[in-house]
Each structure stands twice: as C-alpha cells, then as structure tokens.
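Use these hints to put chain B onto chain A, whose structure you have.
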Amino acid sequence: MKQRIFRSLLAAAIAGLIVVAGAAPLTQPGSGPAVSSFSIGQ
Amino acid sequence: MTLLLLVAALALLVGAIAMWRAPRLPRYLPLLAIAAVPQIGTLLGLYLPGMFWVTAVALAAWSLLNWRLAGMPILALGLLLNIAVMAAHGGAMPIRAEILAAGGEVFAPGTFLAGSKDVVVDSSWLWPLSDWLALRWGRYAIIASPGDLLILTGLLVWLFRSRLSERTHQHASESEQHAAVAHPAARTE
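Sequence lines, in order, name chains A and B.
Just so we're aligned: 34 in my numbering is position 34 of the first sequence, and the numbers increase by one with no gaps anywhere.
Just so we're aligned: 90 in my numbering is position 90 of the second sequence, and the numbers increase by one with no gaps anywhere.
One chain only, chain B, in its complex shape:
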C-alpha cells in the first residue's frame, strides 16, 4: 500500500508539471492499462506468474509504438532491464536478503513481500539489475533498481523535453518555410 501511495504522489507531481509544461502525450494508452493490470494484482497480493508476460509484451509494444516520443528510449531501456531481471525470477523483482537486513527486516530467501513485486533472494547472477539502490532516511527507505531510475529519468525527459522537441520541430518547419519564401526557385523542379 505504501508503494501505491508513492505512485499516487508521483502521478500528482507529474500532473502538476504537465499543467505547466504541457508535454506531448504518448499514444496507445490501452496497452499501458493492459500492462498495469497484472502488476496491480501483484501489488494487491494476487500473484500470477504467467500474467507477467502480459505486462512484458504490452510494455514492449507500447514502447515501440511511442518510440519517437522524447525520453522513450531511456524509459524503454529501464523497462527492459526490469523485465529482464523479473523474467529470470518468475515475474518477481529479486531483492537480496542482506539489503533488507540493512533496514532491520529479516526474511527468508524465497519470500514474496506483501505490497510489492519483490521476492527475497540470497543472491542472483542478475543482482546489478535487482532492487539494491537504497535511499534511506531514518527507519524508512525506498529501494530501487537501476531500471527504476531509468524509468524515472525517462519520465522527466518526457515531461521537460517533449514540448521542447515540438518547438524545435516547429522552428525547423518555420525555417524551411522562410527559406522557401526567400528562394522560391529552389522549390521549383
């Protein structure tokens, strides 16, 4: 539930920035909704390993269909890293027991953590892609994966650059039009 509150706070922040920046919106949103449903189920305790692939395929399709959007390549790379490490662990994000122990929580390897997508592991050959980047303050912490950080970076680039990209494109079009007016013969074939 804490994670869902965190997501809601992030969404509100994005909404506020979008009010100011008015970014170009991605398309094919139903794919995103399809991708989210199994993961919401996981966060609510309805863990169905096979459904992970619904998320993976929907996210891959959505990323490719919106590839030209600013920030999408970074966001897609983050999604790919998370999907890769989760695919290798039955659809769950691995987190090493020692990372949790540093925050005072001890769980046996193989334990699926409530309200998250994480499964506790002793070790993993893909551990650099797992949740290990901890931001701690007091007894609270957010533990993220490199993929999570790339997703966040991609979102920020989308918010702050997609409008800028449109302006750049508009500027280029205006320059072309100006050149055509100044040199009409250049357009005659």
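Chain A on its own, in the form it takes in the complex:
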C-alpha cells in the first residue's frame, strides 16, 4: 500500500513536470498585466 501511494505521488509529480515543461496553455483572465514586451513573434 505504501508503495502504491508513493508511485501515485510520483505519477502526479511526473504529470506536473510534463505539463509545466511541455505544455503551454493560457488561462483567462490572466494572472496579471503584461510584464514586458519583446520584439519576437512578429
């Protein structure tokens, strides 16, 4: 049981890392105003 809990926590951490590292969704309204501007993506 302990091992199952450990593995599920590890699975949660893995999913979190995958989403943080690879996914890029945006939530609206944003968490704050724009922080800065860049001359990229134009």
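Hints listed in this document are in silico derivations from the structure and should not be mistaken for laboratory results.
These numbers were taken from a predicted model, which means no experiment stands behind them.
Some clues are possibly wrong.
[Unchecked claim] Restraint ranges, calculated between C-beta atoms of paired labels, are given here:
(1) Phe6(A) <-> Arg136(B): 17 to 27 angstroms
(2) Arg4(A) <-> Leu4(B): 21 to 31 angstroms
(3) Pro29(A) <-> Ala87(B): 21 to 31 angstroms
(4) Arg4(A) <-> Asp122(B): 42 to 52 angstroms
[What the hints assert, rightly or not] Quick look at which bits of chain B chain A covers, simulated, 3 or more residues with Cβ under 8 angstroms:
(5) 7-14
(6) 19-31
(7) 64-74
(8) 78-92
(9) 97-110
(10) 113-127
Think of the CB as a built atom: it goes at the ideal place given N, C-alpha and C, for glycine as much as any other residue.
Using the frame of chain A, we list chain B on its own:
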C-alpha cells in the same frame, strides 16, 4: 499563478487515477526535471530565451528514452508541435491578439503575458500550432494549442493503457509458457 494552480489540480487528478490504475512509470526523471526548470522560471517571470533549448533537448531525450511507454508517441508528438512553434517565436508560445480580444483582454503584439509562456502576435505562419483552442465559461477561459491537447491525450493513454500493456505482455508470456509445456519438443533445437 492560475496556470500553476491548474497544473497542480491536474497532477492531483493524475495521482488519484494512478492510485487506482497503477501505471508503469517512465524512467530518466531527472531529464524531465531539467526540462521543467527553465519553464517554471518563465511562468514566474524569469524569461531567458536561450534556456528554451535546454527544455527542448531534455524533453526530446526523455521522450526517446521512454518511447516504448504507452502513450509516449502521442505525448512526444504534442511536445514536438509545441517546441516547434515556440522555437519559431524565440521560446514563447504565440497567441493571436484577436483570440485574447474575444475574452475581453487587449494587448499589443509583442507583449509577453505574465504567468504564462505566451507572447501576443498579430499573426503567425505557424498559427495552427499556437494557442487558439479556447474553452470558455463566462469570463474564464483556458486557451490551449493542439500540442497541449496531444500531451493531455498522451497522459491519459499512459494512465489507462500502460498497465493494460503490461497485462497484455504478461498474457502473451503466459501463453508462450503454456505452449512450451504443451509442446516441449517445439523448444528442443
């Protein structure tokens, strides 16, 4: 910060499903941690364009090393699509100004949005890979890219199929053993 809360909620959900399904876990987790660090920095406002490539290389290596895991090809395709469009925009995910305007937020093109990986653009030749798939309820919305959806799909396949794959493999092994017992001469060379 909203995005980080969303990630935490998703991680908790995955943890709960994993408790039930007990999926086979991927290996080489330090690579995943290395890939995540620059992106956490970006979400917290520490945007370093060059660090994007650390994420890209680490994610590519991690995906290839875990290629045989259920769901990994779908997940890797999602990562590849996101990395491709972000690489073309200096390491940031483009989002068209008109998509944001539909939710009542107006930003000038070139603006990097706080708490996200997104940069506002007028247009992009890679726009089909950018954040444009909006799930709206009231004044709230989650705007995702096709790559994000593939990553989510890959995660679900991993959660629900990796254990199943092991069972299938185990079943195949048992069948082979059964055949060997039933026909021992077939194993004699």
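Now for the hints, and whether the structure bears them out:
About 38 angstroms separates the C-beta atoms of Phe6(A) and Arg136(B), a value inconsistent with the hinted range of 17 to 27 angstroms. For Arg4(A) and Leu4(B), the hinted distance range of 21 to 31 angstroms is satisfied, since their beta carbons lie about 27 angstroms from each other. In this structure the supplied range 21 to 31 angstroms holds for Pro29(A) paired with Ala87(B), their Cβ-Cβ distance being about 28 angstroms. A beta carbon spacing of about 51 angstroms between Arg4(A) and Asp122(B) agrees with the range 42 to 52 angstroms that was offered as a hint.
Beta-carbon proximity to chain A at under 8 angstroms applies to 6 residues in the segment 7-14 of chain B; the threshold of 3 is reached and the given coverage holds. Here's how the segment 19-31 of chain B fares: 6 of its residues keep a CB closer than 8 angstroms to some CB of chain A, so the rule of at least three is met and the hint holds. Remark: the segment 64-74 of chain B is not confirmed as covered by chain A, as 0 of its residues place a Cβ nearer than 8 angstroms to a Cβ of that chain, below the required three. Evaluation of the coverage hint for the segment 78-92 of chain B: fulfilled, as 8 residues show C-beta separations to chain A shorter than 8 angstroms, against a requirement of three.
Coverage of the segment 97-110 of chain B by chain A holds. Counting CB-CB distances below 8 angstroms, 8 residues qualify, and the rule asks for three or more. With 11 residues carrying a beta carbon less than 8 angstroms from a beta carbon of chain A, the segment 113-127 of chain B meets the three-residue requirement, and the given coverage holds.
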